[in-house]
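Residue numbers (my numbering), protein chains in the order written: chain U, 1 to 353; chain D, 1 to 360.
Each hint should be verified, as a subset may be incorrect.
Restricting the straight-line Cα-Cα distance to at most 30 Å, the calculated cross-link-like pairs of lysine-lysine (DSBU-like) are [as the list claims (entries may be wrong)]: (1) U:K63 <-> U:K271; (2) U:K253 <-> U:K263; (3) U:K63 <-> U:K253; (4) U:K168 <-> U:K289; (5) D:K56 <-> U:K63; (6) D:K258 <-> U:K289; (7) D:K34 <-> D:K56; (8) D:K56 <-> D:K356; (9) D:K258 <-> U:K168; (10) D:K34 <-> U:K290; (11) U:K290 <-> U:K63; (12) D:K34 <-> D:K356.
A short list of chain U residues far from chain D (calculated; beta carbon distances all over 10 Å) [as the list claims (entries may be wrong)]: (13) L86; (14) V187; (15) F208; (16) A213; (17) P231; (18) L244; (19) F249; (20) A272; (21) P323; (22) R333.
Rather than coming from a laboratory, the hints here were simulated on the basis of the structure. In this text, a Cβ means the ideal position worked out from N, Cα and C, and glycines have one as well.
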Amino acid sequence: MTNRDAETSGTGERSRPAHDSSAQKPERFRGRGRGGNREQLQVPEAEFRSYYGRPIIKAPVWKNPDVPLYLFLGGMAATSAGLGALGGATGRPTLRRTGRLAAAAGAAGGTVFLVHDLHRPTRFLHMLRVFKPTSPLSVGTWILSPFATVAAAAAASEVTGLLPRAGKAASTVSAVIGPALGTYTAVLLSNTAVPTWHEAHRELPVVFAGSAAAAGGGMGLVGASVRDNLPAARLAVAGAAVELAAGEFMERKLGLLGDVYGKGRAGTLMKASKACLAAGAVGAVLGRKKRWSAALSGLALMAGSALTRFGVFDAGIASANDPAHIVVPQRERIRRRQATTEEGAAPPDRAFA
Amino acid sequence: MTNLFDAFRGTTPSLSGPLPDPSTDAGWSGDHPKRVGFFTDTSVCIGCKACEVACKEWNLVPDDGTDASDLYRLTGMSYDNTGDLGASSWRHVAFIEDVRPHGTATPAHGGQQTGFLPSGLPAVHGGNGHTPRDAATAPPGPEGSGAGTVDLLALLPDGGAHGQQTPDDERDVRWLMSSDVCKHCTHAGCLDVCPTGALFRTEFGTVVVQDDICNGCGYCVPSCPFGVIDVRESDGGAHKCTLCYDRLGEGLEPACAKACPTNSIQFGDLDELQAAADARLAELHGRGVHEARLYGRDPDDGVGGDGAFFLLLDEPEVYGMPPDPIVTTRDLPEMWRNAALTAVGLGAAVAAAFWKGGRR
Numbered sequence: 001m002t003n004r005d006a007e008t009s010g011t012g013e014r015s016r017p018a019h020d021s022s023a024q025k026p027e028r029f030r031g032r033g034r035g036g037n038r039e040q041l042q043v044p045e046a047e048f049r050s051y052y053g054r055p056i057i058k059a060p061v062w063k064n065p066d067v068p069l070y071l072f073l074g075g076m077a078a079t080s081a082g083l084g085a086l087g088g089a090t091g092r093p094t095l096r097r098t099g100r101l102a103a104a105a106g107a108a109g110g111t112v113f114l115v116h117d118l119h120r121p122t123r124f125l126h127m128l129r130v131f132k133p134t135s136p137l138s139v140g141t142w143i144l145s146p147f148a149t150v151a152a153a154a155a156a157s158e159v160t161g162l163l164p165r166a167g168k169a170a171s172t173v174s175a176v177i178g179p180a181l182g183t184y185t186a187v188l189l190s191n192t193a194v195p196t197w198h199e200a201h202r203e204l205p206v207v208f209a210g211s212a213a214a215a216g217g218g219m220g221l222v223g224a225s226v227r228d229n230l231p232a233a234r235l236a237v238a239g240a241a242v243e244l245a246a247g248e249f250m251e252r253k254l255g256l257l258g259d260v261y262g263k264g265r266a267g268t269l270m271k272a273s274k275a276c277l278a279a280g281a282v283g284a285v286l287g288r289k290k291r292w293s294a295a296l297s298g299l300a301l302m303a304g305s306a307l308t309r310f311g312v313f314d315a316g317i318a319s320a321n322d323p324a325h326i327v328v329p330q331r332e333r334i335r336r337r338q339a340t341t342e343e344g345a346a347p348p349d350r351a352f353a
Numbered sequence: 001m002t003n004l005f006d007a008f009r010g011t012t013p014s015l016s017g018p019l020p021d022p023s024t025d026a027g028w029s030g031d032h033p034k035r036v037g038f039f040t041d042t043s044v045c046i047g048c049k050a051c052e053v054a055c056k057e058w059n060l061v062p063d064d065g066t067d068a069s070d071l072y073r074l075t076g077m078s079y080d081n082t083g084d085l086g087a088s089s090w091r092h093v094a095f096i097e098d099v100r101p102h103g104t105a106t107p108a109h110g111g112q113q114t115g116f117l118p119s120g121l122p123a124v125h126g127g128n129g130h131t132p133r134d135a136a137t138a139p140p141g142p143e144g145s146g147a148g149t150v151d152l153l154a155l156l157p158d159g160g161a162h163g164q165q166t167p168d169d170e171r172d173v174r175w176l177m178s179s180d181v182c183k184h185c186t187h188a189g190c191l192d193v194c195p196t197g198a199l200f201r202t203e204f205g206t207v208v209v210q211d212d213i214c215n216g217c218g219y220c221v222p223s224c225p226f227g228v229i230d231v232r233e234s235d236g237g238a239h240k241c242t243l244c245y246d247r248l249g250e251g252l253e254p255a256c257a258k259a260c261p262t263n264s265i266q267f268g269d270l271d272e273l274q275a276a277a278d279a280r281l282a283e284l285h286g287r288g289v290h291e292a293r294l295y296g297r298d299p300d301d302g303v304g305g306d307g308a309f310f311l312l313l314d315e316p317e318v319y320g321m322p323p324d325p326i327v328t329t330r331d332l333p334e335m336w337r338n339a340a341l342t343a344v345g346l347g348a349a350v351a352a353a354f355w356k357g358g359r360r
């Protein structure tokens, strides 16, 4: 229950839970709305036991805002690279310029945040010692490094006007790598023991891809001229729609584990995100042809995308700090397994008679 | 880490499932030493914390210093002022004061747990007598026949007593003590996700962090299904039990096992420990301690079995351990597939946004 207090108090930060006296007994903790006295003896909604109500797994030590910002910037850069390359190929100079610059800025900024997030930043190059497919962070490093390199080259060519053919080639390569950068971050979060992230491993890539499209398209709406911004508007609106739908689907499908999206800071962030995305998408459809309304819509879409990343991040922290998120689903898993094994088989609770 | 791409095609079980020899799977040649581990028999743990102290002393583990706001860092959780495993706590003794009225039956494993009451409720008399219950040595009371249930309504009117007002001789206190430690999983999530290769599988089948490689990315921390490894604030590196890798190399047993006065912590070759644990469990069951169960012993469990496993006297979550842990990378091949498909979709969406958009 201490973790619930921390969670609803909205700090969202990883903290060692306080030990209030009501958490002292390893009695059967009673699920929703604990923290009071004996009136909770009735109708437990999700009854589970725990060690003084303490978290079972460790919440991520990743820094906030570094990591959610990286998730946002990486997504924005991922789709901006594509808009830049195709904008160049279809004769939309302002979209090309915006896409190339945003891809480079997003990749560079994201890299800075990632390095700053390390607890030993001077050793960031150790990331490049190995390539490990079992580590999404390693795979991500090997996606981000070449992406940042070619995106920076394309942007340099754009700004200086030098080597336009090489700039175009670099831009094309960044557009090809981009989508991987936009979706691998979902695996990065899902491939942890954090229940709300792990159990969403089917939906989270779609949410993040939608978020990346909304951010990159939003950036295009901000930077490109009215003459050039149609593809950016289309991408942004489609991205926002996918992000809204997939996010809603994910929260519902998570069931008990989705409760962290409905309360605390994560709940607030997700609500704000949905409002921004919806407003931005409507604005992009109606106001694309005016420079100021297009830019405003783009900003709203980018804000919505960023808020989603912050919300998902906070939801994971809250989930990791809640022992119910570990015990209740795992008990249910054991119960289901027990139900499917016939009588007399070895008990699934690892009791070897 | 061999055969990773095979693993991704699902042709080898090296991301999950039983694995007889994790060291060879990690690339050690066949003549490496046998896999070693801990068997922690909590039924004989006396909560002396000698393991915690010995571990700190030998491994030079600093003060965990994270609860500075607490008065003398007292948690109020019985005698447990360590709290949990972490970067600077590689052994952690859990204390559970299981207080019940007299005559309430033990919630046998898998059975109804009607006897579980918060402390302080008055005793129910007329149960199965007043035999003292020490789970390790004495059989619990008979179950069923109403002795295992408590009539809450009968308790309430004349009760009114709370907490310490109930005389001690009307309560049964069962002490559960357990020295927790890194499980040295057969399929270790921390090792799988480490992007620098700082975490590695030793020739003894254990999992160790190379401190000079770790760059403090923290990915191992949320990837451990047991909440063991953590990043230390003072030096920024991830730390956890090494199973005294330095001592193993010299043929010594780990410091905690050496210091344990009751042999609750047993060190040895894993296959021998497993046989000893099975025998101990059979012995306890024979003596009527039906709540005894092994945790982390099963090579078919979600992490392929633990290198450090336990004999517990209650459900794992009571000790702060997950009841059914699964290594997160079990689902990683599917996650990569999903992400790759989504990436293709994202690329297509970007291209489609230019469809018939004029220009050029």
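The output says V187 (chain U) does not contact chain D. Does that hold with a beta carbon cutoff of 10 Å?
violated, 5 Å
Would you assess whether P231 (chain U), listed as outside the interface, keeps its beta-carbon beyond 10 Å of every beta-carbon in chain D?
violated, 4 Å
At 10 Å, judged by beta carbons, does P323 (chain U) keep clear of chain D as stated?
It is violated; P323 (chain U) is separated from chain D by about 7 Å at its closest Cβ, not greater than 10 Å.
Is the Cα-Cα distance between K63 (chain U) and K271 (chain U) 30 Å or less?
holds, 22 Å
Since R333 (chain U) was said not to touch the interface, does its Cβ keep a gap of more than 10 Å from each Cβ of chain D?
violated, 5 Å
Is it true that the CA of K168 (chain U) sits at most 30 Å from the CA of K289 (chain U)?
holds, 28 Å
Sort out whether K263 (chain U) lies within 30 Å of K253 (chain U), counting only the CA atoms.
holds, 17 Å
Chain D versus A213 (chain U) - minimum CB to CB distance exceeding 10 Å, so not interface
Nearest chain D Cβ is 6 Å from A213 (chain U), so the label is violated.
Holds or violated: K34 (chain D) and K290 (chain U), Cα atoms, limit 30 Å.
With a Cα-Cα distance of about 72 Å, the restraint between K34 (chain D) and K290 (chain U) is violated, given a limit of 30 Å.
Keeping to a limit of 30 Å between CA atoms, is the pair of K34 (chain D) and K356 (chain D) held or broken?
It is violated: about 66 Å lies between the C-alpha atoms, which goes past 30 Å.
Reported absence of L86 (chain U) from the contact zone with chain D (all CB gaps over 10 Å)
Its Cβ does come within 10 Å of chain D, the nearest being 5 Å, so this is violated.
Do the alpha carbons of K290 (chain U) and K63 (chain U) lie within 30 Å of each other, as the hint requires?
violated, 39 Å
Against the hints set out earlier in the document, violations occur for numbers 6, 8, 9, 10, 11, 12, 13, 14, 15, 16, 17, 21, 22.
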